[in-house]
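One-letter residues, chain by chain:
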Amino acid sequence: MIRPGRHARSWFVSTALLVIAVSMPAIYVALHVFGGSNPVWDHLAATVLTDYIVNTFILMLGVAVLVTPVGVLCAWLISAYDFPGRAWLEWALVLPLAMPAYITGYAWSGIFEYGGPVDSLAAFLGSGSSLGIDIFSVYFLAALFAFVLYPYVYLVARSSFARQSAGLIEAARLTGAGNWEVFRRVAMPLARPAVAGGLALCLMEVLNDYGAVKYFGVSTFTTGIFRAWFALGDTGAAVRLAAVLMLFVFVLIVLERRGRARTAVSSSATMRRQTLRGKKALLALIFCLVPLSLGFVFPVVRLLTWAWRTASDVLDLQFVYLVLNSFALALGSAVLCCAAAILVLYTARLQRTRLAGFLAQSATLGYSIPGAVIAVGVMTPFAAIDHGIDGLVQSLTGSGTGLLLSGTLIALLYAYLSRYLAVAFQPVDAGFERTAASMDEAARSLGASPLRALLQINIPMVRTAILSAIILVFVDVLKELPLTLILRPFNFETLATRAFEFAGNEQLAEAANPALLIVAVGVIPIVYLNRLMNAKQAR
Amino acid sequence: MFRRYLILSLAIGSGLIFFACGAEQKEAEPMEEAAEQTALESGIVNVYTHRHYPADKELYAEFTKQTGIEVNVVSAGADELIKRLETEGDKSPADLLITVDAGRLHRAMALGLLQPVSTPTLQENVPAHLRDKDNNWYGLTVRARIVAYAPDRVDPKKLETYSALANKEWKGKLLVRSSSNVYNQSLMAAMIEHKGADKAAEWAKGIVDNMARTPAGNDRDQIKGIAAGLGDIAVVNSYYYNMMQHSDDEAEREAASKVEITFPHFDGGGIHINVSGAGVTKSAANAENAIKLLEFLTSEAAQRKFAEANFEYALKDDIKYDGISLGKLGENNEKAVMIFDQVGWK
Chain A
1 MIRPGRHARS WFVSTALLVI AVSMPAIYVA LHVFGGSNPV WDHLAATVLT DYIVNTFILM
61 LGVAVLVTPV GVLCAWLISA YDFPGRAWLE WALVLPLAMP AYITGYAWSG IFEYGGPVDS
121 LAAFLGSGSS LGIDIFSVYF LAALFAFVLY PYVYLVARSS FARQSAGLIE AARLTGAGNW
181 EVFRRVAMPL ARPAVAGGLA LCLMEVLNDY GAVKYFGVST FTTGIFRAWF ALGDTGAAVR
241 LAAVLMLFVF VLIVLERRGR ARTAVSSSAT MRRQTLRGKK ALLALIFCLV PLSLGFVFPV
301 VRLLTWAWRT ASDVLDLQFV YLVLNSFALA LGSAVLCCAA AILVLYTARL QRTRLAGFLA
361 QSATLGYSIP GAVIAVGVMT PFAAIDHGID GLVQSLTGSG TGLLLSGTLI ALLYAYLSRY
421 LAVAFQPVDA GFERTAASMD EAARSLGASP LRALLQINIP MVRTAILSAI ILVFVDVLKE
481 LPLTLILRPF NFETLATRAF EFAGNEQLAE AANPALLIVA VGVIPIVYLN RLMNAKQAR
Chain B
1 MFRRYLILSL AIGSGLIFFA CGAEQKEAEP MEEAAEQTAL ESGIVNVYTH RHYPADKELY
61 AEFTKQTGIE VNVVSAGADE LIKRLETEGD KSPADLLITV DAGRLHRAMA LGLLQPVSTP
121 TLQENVPAHL RDKDNNWYGL TVRARIVAYA PDRVDPKKLE TYSALANKEW KGKLLVRSSS
181 NVYNQSLMAA MIEHKGADKA AEWAKGIVDN MARTPAGNDR DQIKGIAAGL GDIAVVNSYY
241 YNMMQHSDDE AEREAASKVE ITFPHFDGGG IHINVSGAGV TKSAANAENA IKLLEFLTSE
301 AAQRKFAEAN FEYALKDDIK YDGISLGKLG ENNEKAVMIF DQVGWK
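Protein chains in written order, with our numbering: chain A, 1 to 539; chain B, 1 to 346.
Calculated from the structure, these hints are not laboratory results. Every residue, glycine too, gets a C-beta built ideally from N, C-alpha and C. Take the hints with a grain of salt, since some may be wrong.
Quick look at which bits of chain A chain B covers, simulated, 3 or more residues with Cβ under 8 angstroms [what the hints assert, rightly or not]:
1) 43–56
2) 215–226
Distance ranges between label pairs, derived from CB positions [what the hints assert, rightly or not]:
3) A:Ala45 <-> B:Asn167: 27 to 35 angstroms
4) B:Gly229 <-> A:Ala45: 49 to 57 angstroms
5) B:Glu300 <-> A:Asn491: 21 to 29 angstroms
6) B:Gly323 <-> A:Ile20: 53 to 61 angstroms
7) A:Ala16 <-> B:Thr121: 34 to 42 angstroms
8) A:Val254 <-> B:Leu111: 36 to 44 angstroms
9) A:Ser395 <-> B:Asn242: 52 to 60 angstroms
10) B:Lys168 <-> A:Asn491: 46 to 54 angstroms
11) A:Leu247 <-> B:Gly323: 18 to 26 angstroms
12) B:Asp267 <-> A:Leu121: 26 to 34 angstroms
13) A:Ile58 <-> B:Gln123: 33 to 41 angstroms
14) A:Ser395 <-> B:Glu331: 38 to 46 angstroms
15) B:Glu300 <-> A:Leu17: 57 to 65 angstroms
Working from the sequences, and respecting the hints, build out all of it.
What follows is the structure, encoded as structure tokens:
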């Protein structure tokens with residue numbers, strides 16, 4: 001192994017600086033944990049905290065229980081079998097990722113509402129009156145989250161089946177093991193760490209959601225954070241709740257790490273797909289269609305019926321600007337997050353020290369914190385810096401600069417980086433782990449600098465992982481609401497903020513227009529991602 | 001080959017960021033210059049608003065047309081906007097804060113974020129009970145939180161007061177949204193003002209016992225809930241009912257047609273009203289323009305627009321309101337939220 005030299009040290013320093021900068025909001029949150037007892041905290045603990053914990057737990061458990069089998073089995077069916085519809089299901093199964101969870105919530109409530117499609121169907125079938133189905137429950141919400149979030153698990157499981165375990169799966173098949181046996185004893189154990197990673201992402205999304213839980217009236221930690229912070233005006237209590245939430249996530253990350261430590265299989269083999277016929281093919285098709293329909297098709301159709309009615313009132317030329325704005329913002333921040341993830345992870349690889357590993361982990365904490373809290377964590381230091389500069393310039397020249405950074409795109413991009421680094425992290429990390437470290441050590445022993453080894457050896461080897469990371473962050477930023485809403489500059493609008501404005505006015509039918517455009521813009525890279533993964537497999 | 005491809009895409013990506021930032025910067029710079037000039041020439045007004053109705057945007061455009069003053073907007077939730085204002089401090093670019101609830105305006109005032117302004121026009125446009133007594137904020141539109149009911153199952157005579165909502169006869173029949181919602185918080189704050197905290201808590205407990213379901217959804221969902229038979233009565237803001245009546249969605253119109261509304265009072269007092277309103281920020285660099293915008297939004301023409309487009313009440317509409325100072329809604333807000341938690345109003 002090469003001794004970490006001068007180069008490695010500069011990598012370490014830049015990573016350390018980046019990580020400190022990025023985890024600033026999280027640090028800001030953590031610093032507030034150690035306040036003494038205060039009345040608001042005591043009040044929350046005595047009245048609603050149990051409720052928050054129970055609901056949060058039900059949601060997480062429900063999502064985990066649904067998402068894992070749905071994501072993994074769909075991935076297995078797509079990877080191991082051929083059946084009618086497989087080719088397009090392969091990419092279509094990822095589509096729910098493009099749906100913001102709260103929009104899906106609105107759409108489902110629209111499906112079951114008075115006079116909605118379900119009622120109309122019932123009336124058509126002769127039930128006469130409204131069914132009066134009430135979907136506002138924690139269980140329904142857990143299912144809703146699951147069918148929006150399962151693609152995270154599906155994606156990682158599929159890529160694991162396709163690459164890491166294909167050789168071993170083929171070998172197992174040669175021993176005469178049946179497909180189910182192969183799945184249970186070879187493919188699933190090999191995919192487990194990747195699945196754990198995908199599941200961790202799903203659960204973090206659940207933890208930091210605010211829009212959907214609020215609409216469904218399910219009080220979770222996020223509800224509590226908002227209540228303590230805004231309604232009761234107690235930052236300390238709010239942040240302490242956020243810290244408890246971070247603890248949840250920390251446990252998730254540790255569990256995920258522990259699962260991953262055991263695997264380091266990579267293989268160049270590709271799996272042969274068995275052709276299914278008749279009943280079995282139909283069953284496979286139906287199994288894959290269920291999550292796709294619940295997470296994407298039904299809600300999108302509901303949105304379409306709304307948009308159909310309102311488009312002429314809502315859509316105007318300004319939407320071109322909204323689309324371009326959203327697209328540029330999402331792409332820019334995705335590339336930024338991905339570059340940062342590469343820097344941090346590559347340093348961890350160069351250094352292989354606990355400290356570097358710890359730095360890498362701390363960089364991802366922001367994902368667990370609800371957006372509005374991050375926003376405050378971003379505003380506070382930026383405002384402090386701005387006031388500092390302003391004061392300094394004022395004392396030197398006699399006229400101040402005003403706020404230079406606050407309320408600019410720089411603050412917004414920084415907030416995205418804090419929040420979504422974790423999303424870029426997962427695929428890039430998994431990609432790095434798949435490639436043998438010996439390769440780039442060999443390059444460096446031949447005299448290549450770490451930068452050259454990174455650019456010429458590592459990045460090309462994990463380029464699919466990098467592109468998946470870019471696309472995942474892209475889609476996330478496209479949907480993002482609380483950060484964009486509060487940190488944006490004057491007159492700066494995106495599709496998500498426009499959807500929020502309509503939804504805030506309870507104009508869901510009008511909100512369907514920007515919401516559908518979010519989906520449309522998000523679908524393009526998702527389909528592209530799939531092409532990319534297939535091209536890689538084919539070679 | 002792949003390396004080149006990747007580097008290229010990274011380069012394009014980062015190029016795009018700079019392009020995006022650069023483009024924004026370019027847009028921003030003249031704006032900042034403009035901001036410098038405005039102190040002399042009055043060119044812009046910067047607004048933080050929680051009102052994002054299409055009607056508002058049209059009114060801003062009309063204002064710009066009439067005065068030449070450009071209106072710059074950030075719209076978000078009032079809580080977050082107040083936090084942003086607080087963080088930005090005396091250098092905040094915002095000139096005017098608009099919220100949909102007097103309680104939030106009161107909080108902004110209590111945090112020292114607003115400044116008193118007064119002109120004869122404002123005093124004339126905004127009746128005394130719809131503005132802060134020290135002129136830190138002014139109401140823009142009036143909303144009433146009222147009761148919707150199913151006429152085929154409910155006798156409205158039994159719903160003459162807010163207190164009646166807690167009567168046992170409505171057990172399992174009442175629909176209302178979450179206590180996180182500011183309109184509910186303000187209703188509760190008013191109840192505390194009228195009856196005292198203990199009686200108000202008792203009332204809230206009665207409401208919780210009567211709930212047909214755990215609070216969820218928005219105000220329109222409560223009205224649809226009545227139409228669907230999930231409950232018989234609901235607490236909603238009146239304009240949502242009117243909007244549903246005039247919706248271009250047939251199902252919404254039909255739902256509204258199965259529901260009627262009644263205006264309860266606080267045991268002989270009036271109806272619970274709230275305002276969406278605005279205050280000039282303490283940091284305002286364009287305070288003059290902010291005042292002009294305030295005067296414009298409270299003017300007869302703008303008021304008519306609010307009423308026609310959103311079914312909100314105009315400031316000068318004659319409503320038999322409950323007579324308490326709207327600032328109390330803010331003062332009692334924290335107490336209200338705590339009572340909600342104690343009685344289990346989710």
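- Holds or violated: 27 to 35 angstroms for the Cβ distance of A:Ala45 and B:Asn167? For A:Ala45 and B:Asn167 the Cβ distance comes to about 33 angstroms; the hint holds.
- Task: Just tell me: holds or violated, for the beta carbon distance of B:Asp267 and A:Leu121 against 26 to 34 angstroms?
- Result: Cβ of B:Asp267 to Cβ of A:Leu121: about 46 angstroms, so the range 26 to 34 angstroms is violated.
- Outcome for the supplied range 57 to 65 angstroms, where the beta carbon pair is B:Glu300 and A:Leu17: holds, 58 angstroms
- Message: Against the range 53 to 61 angstroms, how does the distance between the Cβ atoms of B:Gly323 and A:Ile20 compare: consistent or not?
- Response: holds, 56 angstroms
- Item | 36 to 44 angstroms as the expected CB spacing between B:Leu111 and A:Val254, which holds or is violated | holds, 40 angstroms
- Item | Supplied distance hint 34 to 42 angstroms, evaluated on CB atoms of A:Ala16 and B:Thr121 | Hint violated: Cβ distance 58 angstroms, outside 34 to 42 angstroms.
- For B:Lys168 and A:Asn491, compare the CB-CB distance with the range 46 to 54 angstroms and indicate the outcome. 53 angstroms Cβ-Cβ, so the 46 to 54 angstroms window holds.
- Task: Could you check the hint for me, namely that A:Ile58 and B:Gln123 are 33 to 41 angstroms apart, CB to CB?
- Result: Given range 33 to 41 angstroms: violated, Cβ gap about 54 angstroms.
- Starting from the hint 49 to 57 angstroms, judge whether the C-beta atoms of B:Gly229 and A:Ala45 obey it. violated, 39 angstroms
- Within the segment 43–56 of chain A, is the number of residues with a Cβ closer than 8 angstroms to a Cβ of chain B three or more? As far as the segment 43–56 of chain A goes, the hint holds, because 5 residues have Cβ atoms under 8 angstroms from chain B.
- B:Glu331 and A:Ser395 - C-beta distance against the hinted 38 to 46 angstroms: holds, 40 angstroms
- Would you say the C-beta atoms of A:Leu247 and B:Gly323 sit inside 18 to 26 angstroms of each other? violated, 49 angstroms
The structure fails to meet hints 4, 7, 11, 12 and 13 from the earlier list, while all remaining hints are met.
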